[in-house]
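2 protein chains.
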Amino acid sequence: MNTICKLFNIKYPIIQGGMVWCSGWKLASAVSNCGGLGLIGAGSMHPETLEEHIVKCKAATDKPFGVNVPLLYSETERVMDIIAKHEVPIVFTSAGSPKKWTGWLKNKGITVVHVVSSSFFAGKCEAAGVDAIVAEGFEAGGHNGREETTTLSLIPSVRKATTLPLLAAGGIGSGEAMLATMVLGADGVQIGSAFAVAEESSAHPDFKKVITELGEGGTKLALKKLAPTRLVKNAFFEQVDEAEKGGKSPEEIRGLLGRGRAKKGMFEGDLDAGELEIGQVAAQLNEILPVDKIMETLIADYENATQNIQGNKFTF
Amino acid sequence: MNTICKLFNIKYPIIQGGMVWCSGWKLASAVSNCGGLGLIGAGSMHPETLEEHIVKCKAATDKPFGVNVPLLYSETERVMDIIAKHEVPIVFTSAGSPKKWTGWLKNKGITVVHVVSSSFFAGKCEAAGVDAIVAEGFEAGGHNGREETTTLSLIPSVRKATTLPLLAAGGIGSGEAMLATMVLGADGVQIGSAFAVAEESSAHPDFKKVITELGEGGTKLALKKLAPTRLVKNAFFEQVDEAEKGGKSPEEIRGLLGRGRAKKGMFEGDLDAGELEIGQVAAQLNEILPVDKIMETLIADYENATQNIQGNKFTF
Chain E
520 MNTICKLFNI KYPIIQGGMV WCSGWKLASA VSNCGGLGLI GAGSMHPETL EEHIVKCKAA
580 TDKPFGVNVP LLYSETERVM DIIAKHEVPI VFTSAGSPKK WTGWLKNKGI TVVHVVSSSF
640 FAGKCEAAGV DAIVAEGFEA GGHNGREETT TLSLIPSVRK ATTLPLLAAG GIGSGEAMLA
700 TMVLGADGVQ IGSAFAVAEE SSAHPDFKKV ITELGEGGTK LALKKLAPTR LVKNAFFEQV
760 DEAEKGGKSP EEIRGLLGRG RAKKGMFEGD LDAGELEIGQ VAAQLNEILP VDKIMETLIA
820 DYENATQNIQ GNKFTF
Chain G
520 MNTICKLFNI KYPIIQGGMV WCSGWKLASA VSNCGGLGLI GAGSMHPETL EEHIVKCKAA
580 TDKPFGVNVP LLYSETERVM DIIAKHEVPI VFTSAGSPKK WTGWLKNKGI TVVHVVSSSF
640 FAGKCEAAGV DAIVAEGFEA GGHNGREETT TLSLIPSVRK ATTLPLLAAG GIGSGEAMLA
700 TMVLGADGVQ IGSAFAVAEE SSAHPDFKKV ITELGEGGTK LALKKLAPTR LVKNAFFEQV
760 DEAEKGGKSP EEIRGLLGRG RAKKGMFEGD LDAGELEIGQ VAAQLNEILP VDKIMETLIA
820 DYENATQNIQ GNKFTF
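These protein sequence lines are chains E and G, in that order.
Following our numbering, the numbering of the first sequence begins with 520 at its first residue and continues without gaps.
Following our numbering, the numbering of the second sequence begins with 520 at its first residue and continues without gaps.
Okay, chain E solo, but in the shape it has when bound (with noise of 0.2 angstroms):
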């Protein structure tokens, strides 16, 4: 059996990722509802919405799902006591240390996961505890490895680093995709762009619109003098492009940034001013569809692939 679909109880290894702004209890009470695992993302949300979004995402589903918590924010320690209360069964962290709140978390019997973009990580996700590691490449939308370690190279150093089950992230929106990550080492995927433009998304329709629209070299990572982000090049993109390539300092570029961003553009849908995270992948969506016909898709397509491969498409 696949150790993904064994740790979390789920039947195929693909976890929607907990983004901010798209991921709420309706696309991952869906996600989970079709057999991968959903991830609410606490990144956007106060504590009490994401309590919220826990007991709807409850009433919604009664298949395993789980909360992505960025370590980054202020209000951690609400977030984790709301997660504590509802026994939801799985965390993912991220943008954080593994230290910190691994041993926490398992004490209370939470399967712990957490993400990385490089295999030094790696190695202190397995001295933390974690149960399991998401490996994220370069091409990911949103936060971003200072390394810019892609996934094609990144998934064979984490795999080599420890025997921890491991989800590939970063680039992934098709079945191939999925089978080519697995084949470098990877047990499963994580998914978020795929899943960002689902019509269970909470993203802004406008937002979605422009992510179906987006082609190759439609976003950037940018934002690298304070964390790495990849963004949708939109017209505050290109502000921000200019006084990076002009030399401006952290704090300027921080000033320029300001706040709610990324709330009036995922969410509210002002696409010039709005900062729009997305991934490279993006650049192959190109439909809004509901999250049951996503999954058939990439599990038929995966499926296909894998034939391809027994049918010997591949020897020579």
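Note that these hints are calculated values from the structure, not bench results.
Values in this document were obtained by computation on a predicted structure and should not be read as measured data.
A hint or two may mislead.
Taking CB as the label site, the calculated pair distances span [to be verified]:
{"#": "1", "chain 1": "E", "residue 1": "E806", "chain 2": "G", "residue 2": "N528", "range": "35 to 43 angstroms"}
{"#": "2", "chain 1": "E", "residue 1": "R773", "chain 2": "G", "residue 2": "D811", "range": "49 to 57 angstroms"}
{"#": "3", "chain 1": "E", "residue 1": "D811", "chain 2": "G", "residue 2": "F639", "range": "31 to 39 angstroms"}
{"#": "4", "chain 1": "G", "residue 1": "N528", "chain 2": "E", "residue 2": "L591", "range": "50 to 58 angstroms"}
{"#": "5", "chain 1": "E", "residue 1": "E761", "chain 2": "G", "residue 2": "D581", "range": "52 to 60 angstroms"}
{"#": "6", "chain 1": "G", "residue 1": "A792", "chain 2": "E", "residue 2": "T834", "range": "41 to 49 angstroms"}
{"#": "7", "chain 1": "G", "residue 1": "K764", "chain 2": "E", "residue 2": "K619", "range": "26 to 34 angstroms"}
{"#": "8", "chain 1": "E", "residue 1": "Q826", "chain 2": "G", "residue 2": "E815", "range": "26 to 34 angstroms"}
Even glycine gets a Cβ: it sits at the ideal position worked out from N, Cα and C.
On the provided structure of chain E, position chain G as indicated by the hints.
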């Protein structure tokens, strides 16, 4: 039969990239003798040097080999005349428009392949009448595309854009990575870094040693205001990086770069002042091995990875 093997009349769809300061006749003939396709890298050779390498390569192998010609250099006409004179059967062009030389080469009966970093340029290649395409991702060493599309993101898009035989490049240093890119739609691979570090590579031994010691994050895409190039993070890189972060102009950065930096670093072994071009996959390369051993491992690991899928390891 594999479309790449058929096109080039070779045994394995493995092309050795024509890299500056690494890919002389010794490397190219060794790869061709092992059943792949060796390429002489004309980018770092005066026309008369190239002629010498072609003659020696012909003497060292009776298998097909080719020449890689970056079209940005001034002596391209003389280079092409030498290629035609010696009836080199295959030419890979890069860093320029495929329209410029494809017709001329095809008229002489030469098989033409062009290197691209986007599906937009893949379309241009098809229009120009090339026989095959190399699609190279962000993780590749040396010169690189402006859109920063990674191999995992690039191959599916290019595969969709053209029916031409397709070689994946960037981040491929193992049989597993080879299979992964073929699952994504490539018909074969072009491998650079793993051959740059081969015994038969003409790179300076000290540069090869650096490559085997690099970890993740040991390279970075730099020189973005000139022509984006992936470099080892040595002292010269740090100078460039600081200048770029400080907002220096293209002219100032060109001044910093000067001339002959790549030769100084890669061929003469000046590890501090030289420009050292290598891909992210260097993190996976730990030994200086002869080409026959590299090819043997690539093919064994590819076949093993294929077997693992055939053994249903990946079904759930």
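- Enumerate the violated hints, using their earlier numbering and listing them in ascending order. none
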